[in-house]
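**Student:** Protein chains in written order, with this note's numbering: chain A, 1 to 748; chain B, 749 to 905.
In case anyone wonders, no lab produced these hints; they're calculated from the structure. For each residue, glycine too, the CB sits at the ideal point set by N, CA and C. Warning: the hint list may mix true and false statements.
[To be verified] Pairs of lysine to any residue, SDA-like flavour, derived with a Cα cap of 20 Å:
| id | chain 1 | residue 1 | chain 2 | residue 2 |
| --- | --- | --- | --- | --- |
| 1 | B | K874 | A | E687 |
| 2 | B | K874 | A | R623 |
| 3 | B | K874 | A | D685 |
| 4 | B | K828 | A | M1 |
[Unchecked claim] Pulled from the structure, derived: some chain B residues nowhere near chain A, Cβ distances all over 12 Å:
| id | residue |
| --- | --- |
| 5 | K750 |
| 6 | G758 |
| 7 | T760 |
| 8 | C761 |
| 9 | S762 |
| 10 | P767 |
| 11 | E816 |
| 12 | R818 |
| 13 | Q819 |
| 14 | A860 |
| 15 | L863 |
| 16 | Q864 |
| 17 | N865 |
| 18 | D900 |
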Amino acid sequence: MKLQGLAVYGVDYLEVGTLHGVLLRSPVPAGKITRFDSSVAESIPGVRMVCSALDQLKFKAGWVLMDQSLFATGQVRYEGEPVAMVVADSREIAIAAVATLILEIEEWSPINLEESMTDRARLIHPEWESYLPTGGTDYPRHGNLASEMVADPGGVDAAFETAHQIIEDRFTANRQYQAYLEPKSALATYMNGRFTIHTSVQFPYNVRDRVAQLMGVRISDVRVIGHVIGGGFGGKLDASLEPLAAYAAKVTGRPVKLTNSREEDMLTCPSRENAIVSMRTAVDSTGKMIARDVQVEMDNGAYSTEMPWLTSLPLHIVSAIYNVDGPTRVVSRLWYTNTAPTGAFRGVGGTYLYHALERHTDSIANAIGQDRRAFRLERLIKDGAKSLSGQVLHEAGILSEAFQAMEKIAPWSSILSELKPNQGIGIVSGVWMTNPMPAQVTIKVNEDGTVQVVTAATENGSGALSMGVTQIVAEEMGINPRNVSISMPDTDVSGYDAGSQGSRTTHVVGRAAKDAATLAKAQLLKGASDILEADIDDLEIVNGNIRVVGSPAPAVTVAQVATSLLWSVGPLTTTSSYMTPAPAYDVACGSGVMFTAMATPTYHVHLAVVEVDEVTGCIRVIRYIVVQEVGRAINPVGIRGQIQGGVTQGIGLALYESLRIGVDCRYVERSLEAYRLPIALDIPDVEFVILEHPDTAGPFGARGVAEPPIVFVAAAIANAVSHALGSSFNDMPITPEAVLASLASRGV
Amino acid sequence: MKNTSFQLNGKTCSVSIDPVTTVLEVVRRHLGLLGTKEGCNEGECGACTVLLDGQPIDSCLYPIGACEGRQITTIEGLGKPDSLTPIQSAMLETGGVQCGFCTPGIVMTLTALLLQNPEPTRFQVKDALSGNLCRCTGYSQVVEACMMVARDSEGKI
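With the hints as extra help, turn the sequences into a complete structure.
**Tutor:** The structure is reproduced here in structure tokens:
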């Protein structure tokens, strides 16, 4: 369908009589709204409604903290923040009407991360204390400090006093924009106190919650219907235009649609946050790491999305993989700034955290004069290693296996010896997780023997549903995958699903699907055993036929049994729910630890070979190799797609994509012309090896696959470039300007 | 407003509209063909790619007024409802389609490439794709699909 242009994406969806909403967005990053006048707009023919904070309901909302309103209220906090909305018969009329709105703002000096970090800047949210946490439990935050995690086991400073050598590094990372090809949109209708939202989002149930919060209704008064998604990568996990469309639908009594232009989308998308990471490690005279001190400063933007939870992510990464024989202190802070709210992009902060860890590891290896791969192998964690949160990584020994697999396909010493003068090699490794959040799957067996899988899980294109879950159900039930259909999300119909994030769909939804399929199979076998007068244990289902094992004799089809059951006991429908049990951790490991463990961990090794063009400063990735633990490969073509796609996004992050915040707190890059996404010519064919150690809880042993390929790429490339040029590239992305500057200082 | 007549997917079509209106806008809003996508509206992403007299263009930048008497082909004009063209089948097989939003544009670009150059090199395929952004696949499987068609086609597309 996609190949023929027949798939209906969120942007394509329309209903009869749809009105169009266009937003007036703040042109400045910070200031007090002193005047708003919509009288001209209201009188334009075709304009149905004009609204702003002056009319809207005073409800607050948020995923973790309720600090957001429908419109900017009294003040604006970031460039692009919605201030008002015009709804009209056509988009053109709405755009023209928006241009007549009078908005006056007394500008304040906008606050960026550097200034917010001082903790002495103007309060971006003077009423921060009145904000309520969405989940009920508050966490460490005050003023512009949106969230803080401190893990200090003690003994760090003492260990540094005894150090033979102290290696210290500072890393910066710019924001990365998800840049899904389909801009955000939403269409809403309102009837009898209920809102229906049509949108293409990764997490329909979360969007439901946000709309309910902002409209001041129960969550069951909001229905979210999902359409085909043109990419998300984390940027479509939270609501954006939906609450605005909902409000407009309620006031006008008509369907209302809003669509972001690409510029709007870029300016307001919850991009991966910019961050500053400082790492210090004490090393003894034998080269053993004896203590580490890490500080992370993250940019929250003007409002909190899920970022407060992610403030604790550094705890799981900064000493994750290479043994530090002593204490690690981690202080991680999230700061409000007058910029667009930040959020999740595949891998979240893992990309810059592994970048920091692995650059720092190379730095230490170089400082003590040890080969970078040997340094890592010597200190690699093993089965049973404890993370800084106290989680036991039972299978960390897979890392060693992964390094060996990498060595087979890319022998380190021989590549090193064959490198040309302007080439470099980098190797990195790490642990990642599979998001554990809940899923529910219902299986209906139709009278024609086909199966309908009802789920609110979203197929974002990875194939987790269209290939993975489909195959899991077909395999379990003994039917042809072509006879398995998967529903689109509808929060009125399907049970809660935490959406496509953190590689959870194949593992969590797949598990719920498999369990439901097992129940359905049991009912089919029971029905068949009555019909065939055979023992249940002697029966099997093969290609839609239920028969006695190994016998070619009279069989009965799934269709026949399903029909027979319908008219004897009732329709054959089964349901199963699943959530990954939370791994045990040490509750005393720190304060403000909201992200507590890496559920269903997977292990990875990445290797990059790069070449530097000494004239242009451009970096070419000559070779990129991934070794990844997947548990069990359900669909190899799908796995390849996720690895190739994830690495490509990682290469973009490492070398091309730069979403910078200017001195005026406005984005410097504001279009796809300036924000340089990778094209086909930039990307090598990624080589990969998958390891399969089945996870006991996963469907057929599968673990999460899709998110981690991006996580380690910037780290591997930065290490390779630093090696090629003999200098440290600790800022992301590595620009040609930075490369040329480095070459110039080398006297080349 | 001006009358512009052109061939759309092999059928004569006529619109009475401001000639500056983009081909993308005409195709999606006025002719109801939603397969051609708007990704950026500034000629950067290629999701809006259609063929004009067999050449790929960014329909978001091209005025309909300049299409008088010419042939426009959109994704809906390729193959038949029940059958995919060779490049479409190949992309399905190699895994070159994930979210699919860039897919119509990429199919148009590769269709045009294969018509002009039935046996392109990998570099030529990648070069032809310079105007098509894909955020999901990382391109390799898309390129492989094109190479597969080139190998199997023996000159027939």
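**Student:** With reference to the structure, classify each hint as holding or not holding.
**Tutor:** Structure-based check of each hint:
1. B:K874 - A:E687: holds, 18 Å
2. B:K874 - A:R623: Holds, at about 17 Å.
3. B:K874 - A:D685: holds, 12 Å
4. B:K828 - A:M1: The hint holds at about 12 Å.
5. K750: The assertion about B:K750 holds, with a minimum of 18 Å to chain A.
6. G758: B:G758 is indeed farther than 12 Å from all Cβ atoms of chain A, at 16 Å.
7. T760: It holds; B:T760 is separated from chain A by about 21 Å at its closest Cβ, greater than 12 Å.
8. C761: Per Cβ check, B:C761 is outside 12 Å of chain A; nearest 17 Å; holds.
9. S762: holds, 22 Å
10. P767: For B:P767, whose nearest Cβ neighbour in chain A is about 17 Å away, the distance exceeds 12 Å, so it holds.
11. E816: holds, 24 Å
12. R818: Label holds. Min Cβ-Cβ 21 Å, cutoff 12 Å.
13. Q819: Since the minimum Cβ distance to chain A is about 18 Å, B:Q819 lies beyond 12 Å and the statement holds.
14. A860: holds, 15 Å
15. L863: holds, 18 Å
16. Q864: The assertion about B:Q864 holds, with a minimum of 18 Å to chain A.
17. N865: Holds, because the least Cβ-Cβ distance between B:N865 and chain A comes to about 16 Å, which exceeds 12 Å.
18. D900: Nearest chain A Cβ is 17 Å from B:D900, so the label holds.
No hint from the list above goes unmet by this structure.
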